[in-house]
Amino acid sequence: MAITEVPHIVTARRGYEDSHTLERYLATGGYEGLRKALTMTPEAVASEVDTASLLGRGGAGFPAGRKWSMLRKDPLTYLVINGDESEPATFKDHLLIESDPHQLIEGVLIAAYALQVTRAFIYVRGEFALGLERVQQALNDAYDHGAVGADIFASGFSIDVVVHPGAGAYICGEETALLESLEGKRGFPRIKPPFFPAAIGLYGQPTVVNNVETMSNLPWIILNGGAAFAALGAGRSTGTRLFALSGRVRNPGAYELEMVKTTFRDLIYAPVLGGGIRGSNQLKAFIPGGVSAPWFGPDQVDLPLGQDEVGDAGSMLGSGSIVVMDSADCVVRAAWRITKFFARESCGQCTPCREGSGWLERVLYRIEHGTGREEDLDLLLDVSDNISPGLQWPPQQTTICVLGPSIPSSIHSAIEMFRDEFLLHIKEGACPHA
Amino acid sequence: MSLTQENLARAKELIALYPEPRSALIPLCHLVQEQDGWLRPDAMEEVAALVGVTPAEVRGTATFYDMLHTESVGTYAISVCTNIACLLDGAAELLEHAEGTLGIGVGGTTADGAITLEEAECLADCDRTPCVQVNHRYVGAQSLESFDQLVADLRAGRRADTIPNHGTLVRVRRTVGLKADPAQIAAERAAMAAAQADRVAAKAPVGGSSS
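Residue numbers (the working numbering), protein chains in the order written: chain D, 1 to 434; chain G, 435 to 645.
Just so you know, the hints here were simulated from the structure itself, not pulled from any lab data.
All C-beta atoms in this analysis are idealised placements derived from N, C-alpha and C, irrespective of residue type, glycine included.
Derived Cβ-Cβ restraints for the label pairs, each shown as a range:
1. G:D582 with D:A150: 52 to 58 Å
2. G:A594 with D:T371: 45 to 51 Å
3. G:A443 with D:G15: 37 to 43 Å
4. D:T371 with G:L578: 25 to 31 Å
Could you put together the complete structure from these sequences and hints?
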């Protein structure tokens, strides 16, 4: 199958100017998946999602069906949607929220029915001002349409949904921090165990937390069957995924592609996708799954876009966002900026992350600005090792959440791949790219 | 009281959307900022009273979040992203230019109170770089020239129709949702506590204590 012939599961309405309206949604098959789900038993709906083998699209890639099956039975349970997309270079949920909010809401309703949850919260990143308005307006219209609220579509099932705005904090994408934030507190990740909010979540009650893109796949899965979804992709990575491509390519953008059947080379170079490196420069390095992921070089460009394939190669597909750097880009500067981000966004609960991120940022800054020392490279690796012992992948953790062990990824990669460039900065007392 | 009657009514609507009033804390802070631009100390006290926590808890929560301002800001907050994708496309140069033309550093507000400049982390619009938001509305990739035009337009009030006040969900009323009935929530909580007590009792060793 050519890369462009893949079914558009989550981006079917992308060509329409009014894709966010109820009118367009209904005219293009909207809420049919929900109507079908309501004729099935909740168990049958969950079973379709299991068959689809839908991996969570937030970053960790945990199977959605398995997450659902872990929900502790209790009279009061919650469904919370994570729309706090903040991983640098990730912009696919932003697109889904703004351009197809009804699809998201329909997915939420299908999930709520499968889980028999009667209260759902859609937590949307605060900076998505337009996205928040779109999803709230869509929700208002969906209530009027009878798709949300009491006895939806005369099925006997009732569900209330609340749109909740965040207020700007990367850490709130961590699911337990998101729940704290939704409870009106600072976004501090909770101590584990319990490892999953499915045991103890919102207000101490069992809670399923799912990502926006994960939910947006559900209407198609119910309408077409889990098997049709599982027939796309390969291995554990089924279906399509919305990849966010940015950096030094001719056509940055979000592309829905079949998992595994497409490679990083296709994404970066195909004329209908990334279109190759801008100008006459060459590919230097790329980040395969958000800035928490270790980097890849030109040698890994033929790897398929699959969760296990990228994992086995020593990184992660993460949030599905690919950043391309070319021969004119300074890797020290890139690693410094990414580390500065983590230093700023560390919530401050755990010493290795809070202190380590700041130290690393300052050492990288002085190397980039020409006052680095040769022993700084060992210092960077030593501090990194204190946050993530052994600097292995997947990382070891000394902190409450995975923000800490994400910090060394770019630093370790940059030093391993481009040690000479670091030394050149130190020897010349200046950035050679400046 | 600093909230207007209309906004106080909206605040109560927001609180009713949640099983626990404290969940409305951040939405209420957004509402205050829509009205005042920032969180005055007396407004934080009012939010605290509305959701049933101390003013310190409101301040403690608000200071954690980038979008909540505990000091006054300009009419328009311009956020320039300098994270990785934007950095590769001239964001640092744009920010430096912004500081120069506005005559303020990051976090500063122009003397006329029109503009506050912020250096943002990734704003999730990485295919339009360097990315800039004004009051969290995307204004598209900016060059040095278009940035100056943007500032001039903002100062002249020419963007007021597309860029509203501070605050969030300013133009869409949140008229639907949970409408939680406090009595029902209390009954559910009592039932949960009873169920939990039953579970504990079921696990307790049989035969009593030794004494």
